[in-house]
Amino acid sequence: MLLRKYVSMFGIGSAKIDLVLPKTAFQPGELLNGYFILEGGIVKQNLRRIDCDLVMVDKNSTEKIIDSTTIYKTEELEPDETNKLNFVYRIPKTLQANGKGIRYLFKTKLTFDKGVESLDEDWITVVS
Numbered sequence: 000m001l002l003r004k005y006v007s008m009f010g011i012g013s014a015k016i017d018l019v020l021p022k023t024a025f026q027p028g029e030l031l032n033g034y035f036i037l038e039g040g041i042v043k044q045n046l047r048r049i050d051c052d053l054v055m056v057d058k059n060s061t062e063k064i065i066d067s068t069t070i071y072k073t074e075e076l077e078p079d080e081t082n083k084l085n086f087v088y089r090i091p092k093t094l095q096a097n098g099k100g101i102r103y104l105f106k107t108k109l110t111f112d113k114g115v116e117s118l119d120e121d122w123i124t125v126v127s
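Numbered per numbering that gives the first Met the number 0, the sequence shown spans residues 0 to 127.
Keep in mind that the hints were calculated from the coordinates and are not lab data.
We put the CB at the ideal spot given by N, CA and C, even for glycine.
There may be inaccurate statements among the hints.
[To be verified] Here are the in silico distance ranges between beta carbons for each label pair:
1) Glu77 - Glu29: 32 to 42 Å
2) Asp112 - Asp17: 40 to 50 Å
3) Pro78 - Thr124: 15 to 25 Å
4) Thr73 - Gln95: 30 to 40 Å
5) Thr61 - Thr81: 30 to 40 Å
6) Tyr34 - Asp66: 13 to 23 Å
7) Thr68 - Gln95: 18 to 28 Å
8) Val115 - Ile70: 15 to 25 Å
9) Val115 - Lys92: 33 to 43 Å
10) Lys83 - Lys58: 32 to 42 Å
[Said to hold, decoys possible] Cut-off 27 Å, straight-line C-alpha distance, at most; resulting in silico cross-link-like pairs (DSS-like, lysine-lysine):
11) Lys83 - Lys108
12) Lys106 - Lys15
13) Lys83 - Lys113
14) Lys22 - Lys113
15) Lys63 - Lys15
16) Lys108 - Lys63
Work out the full structure: start from the sequences and follow the hints.
What follows is the structure, given as structure tokens:
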């Protein structure tokens, strides 16, 4: 059991997060109703927070954070447990549509009391 605890601290068998979106194309100002799937790893882990950033990537692969959402969670995620957490977000009205080398993605990070962070990326298209 102790070995499992230490390997999960290095990312092997640790808990994971996945942002599930209802679709991939959105209009500026549109309300997005998605959810996070939290999957437990091989040992019990204490969740601390979920950060989800809307990021713009330009043609030079330069990233700029457009908006951030943080959810503070203090709960234990048991081994092999799966939880669902709703995610409601309004796409900013000021976003320009994809094109001219501009793309958007949600970068999600699940942080634990101990161990590595779980990361997820979901690309979206903004249409006008």
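So which of the earlier hints does this model not fit?
2, 3 and 14
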